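For reference, the chains in residue letters:
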Amino acid sequence: MQTMIVILALTGLALIGYMTGRGRSLVLARGVTPLHSLPSYHGLYVAFWVGIPALLVLVLWLVIEPRIIEWIVLDGLPSGTVDGLAADRVGLLLNDIRNTASGNIASQKDNPVIEAAATQLNNLRAIGFVLMAVSCAIAGTGGLVLAQRRIAPGLRARNSVERTIHIILILSSMIAILTTVGIVLSLVFESWRFFTKVPIWDFLFGLDWSPQTALRADQVGSSGAFGAVPLIAGTMLITFIAMMVAAPVGLMSAIYMAEYADPRFRAVAKPMLEILAGIPTVVYGFFAALTVAPAIRGWGESIGLSVSSESALAAGVVMGIMIIPFVSSLSDDVINAVPQSLRDGSYALGATRSETITSVIIPAALPGIVGAVLLAVSRAIGETMIVVMAAGLAANLTINPLEAVTTVTVQIVTLLVGDQEFDSAKTLSAFALGLMLFVITLALNVIALYVVRKYREKYD
Amino acid sequence: MMSNTTQATAAAPAAAPIHSVDEPRGGDPRPATATAVKIKARDVNVYYGDKHALKHVDLDINENEVTALIGPSGCGKSTFLRCLNRMNDVIDSCRVVGDITLDEADIYDPSLDVVQLRARVGMVFQKPNPFPKSIYDNVAYGPRIHGLAHNKADIDDIVRQSLERAGLLKEVHDRLDQPGTGLSGGQQQRLCIARAIAVNPEVILMDEPCSALDPIATARIEELIDELRENFTIVIVTHSMQQAARVSQRTAFFHLGDLVEVGNTEQIFTNPKDSRTQGYITGRFG
Ligand SMILES: Nc1ncnc2c1ncn2[C@@H]1O[C@H](COP(=O)(O)OP(=O)(O)OP(=O)(O)O)[C@@H](O)[C@H]1O
Ligand SMILES: [Mg+2]
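So the sequence lines, in the order shown, correspond to chains Z and V.
The first sequence begins at 1 in the working numbering and counts up one residue at a time.
The second sequence begins at 1 in the working numbering and counts up one residue at a time.
Wrong hints could be hidden among the right ones.
[What the hints assert, rightly or not] Output of the computed footprint for chain V on chain Z, the stretches with three or more beta carbons under 8 Å from beta carbons of chain V:
#1 330-344
#2 349-357
[As the list claims (entries may be wrong)] A few chain Z residues that face chain V, going by a derived Cβ cut-off under 8 Å, partial list only:
#3 V360
#4 P363
#5 A364
Don't read these hints as lab results, they were simulated from the structure.
Computed from a prediction, not measured in an experiment: that's the story for all the values here.
We put the CB at the ideal spot given by N, CA and C, even for glycine.
Please build the complete structure, drawing on both the sequences and the hints.
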């Protein structure tokens, strides 16, 4: 909240910088020498000089200040409180102090030492804020004055502004990339920890999945089995069923929309189809669990098949319905992108509409269609809610769609809900599963790219 | 027949079509040459929505001749051409009224199969539009959908023959499996011509087939058109007077949706009857 005020003030200052910079260059523009850059560039130049140094100060401050304050607080604790404590205990203590300071519930209530430390923390924070505001203001006005001085007809403000914008854009994309890298690295490291407890071989090729490990050392029996094959098989089974529904229906509806439908019908139907993609997956989930699964069970039993009440078929079919719009909407776009001249060429040779579609349009649109389908596959593999609700939890290794199966995502959810010990093999296996899911999706995307490129060589 | 002409005059008195002397009328055979009439258009009107794009057009296309359609941009040349193989059916807003016969049979007869019509009346477009397939498959496309060949050898023959007749075989014989889109513009256009003649049509319609090509490629296509005339009836839209003069035997001049004048190419270019034709071919407007 307080930081927001500083940022707002800085924005105001930058605005002032823009006005004055522009104003000053306008004054200069009346002189003899022509301006190198337009006045608005001079304005931006000053605004950047105000905003960027101050923002840097702010960020640095926000990163460093808490460290220093904690250090001071710990240092100020009565001697002997911290000595000899393990690092995580110190962390707990600090947490208590922080919670007391901000008035939250702390585990050690009414401990005078902590109370005192909390008061000190609050004081330090108040001082820190004032200092931060002042230094930001100094940086901002400093930049303002400096930039104002520099404004001259020959100043290459446009070039500086362009370069600054360039750097800002690079930094923004770096944030996205670094976040991804960070997530992947954390997955890799946690998985590494898991593989030190459970051999990677057992994980990748084990046929048994029952992640119950002993809670206490004296418990017997449940040592846990972490074979991921049943989960992969379950995921693949459900994805396969989903694609059997989504790929043909999506593709055919895309063809209908793009090639046959009346424009008026299309204007209504296409958004309607896209609404399917907007339904929350949890709604699909209970639709699958409460409507489709019992219905399938009913049909199965009426023809004498035994169907479990949670079946891969129910989850797969509903998931397929959910991803129809992914396939159809993207395919529709790529089919529409096929040039009309190709259709004309085909019709002029006496081809019928369906001949034109199967022999000219689909081949020309194939890279895009493959891309759409593979995107839908990754979506199906990563989908969680429907399978949690409708596919079951039992890690059966089966290809019978009428039985309950479980998927990688479902297991990750069940491994991590509730109170967990954060370094047990059970919890860590979630990271290994996540990593595996990531690798599979990545591989799919790579294959998709490859296929698209291969066909593009052939069809462009 | 007379009533048609009267109607045309009544509808647009200022732009009444003036037919040249040798324009066959009322089924009279043309005395000058003994060629038969292949396509007969009578009182053809085309509307795009409310826009009256083609007005009361009467035109005969002779067999084994090249007929050139000329006129300023937007005058309805392409529109007329597309009537002849019913490509206008593809455009939703387009409505065609009037009689067009191919070998005396009405092509807008509801009982006529448009697929068969287009097999008899092929078309080559302004921009080369090879399919994103191999050169071979481009040419084999038509014969396959029309079931013209029963085995691979037959199709091979048709493909080679068509490429040969389109003057392309020499250049591509060793890369028939390469994509047709990888050819040069002129080669692509000849590929499109090969594709059109592979179904062995009787008429070939060409809509500015050389407008995207350089002079050398254009010259090749013009030569080709002249050779093809022996076996096909050709209708070509062109913006180049020289091209019309070089390749065609008859020329029709369109202006603002009217067929202004039609006659022997030589006569149109040396001795036009209508002042608008004169103005256009001498470059005063258009
Ligand atoms: N699909 C369409 N929808 C609406 N109007 C059209 C359509 N196609 C053509 N027209 C109109 O019909 C008239 C004739 O068009 P056409 O394409 O036949 O002209 P053109 O003589 O071939 O011209 P160009 O030499 O530029 O190719 C034009 O006024 C054009 O705007
Ligand atoms: Mg045209």
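Verification of the supplied hints:
1. Counting residues of the region 330-344 of chain Z whose CB lies closer than 8 Å to any CB of chain V gives 5, so the stated coverage by that chain holds, three being the minimum.
2. As drawn, the region 349-357 of chain Z meets chain V at 5 residues by the rule of a beta-carbon pair under 8 Å; at three or more, the given contact holds.
3. Taken as an interface hint, Z/V360 checks out: its beta carbon lies about 5 Å from the nearest beta carbon of chain V, inside 8 Å.
4. Below 8 Å, beta-carbon pairs count as interface contacts, and Z/P363 has one with chain V at about 6 Å; its hint therefore holds.
5. A hinted interface residue such as Z/A364 counts as satisfied when its beta carbon comes closer than 8 Å to some beta carbon of chain V; here the least separation is about 5 Å, so the hint holds.
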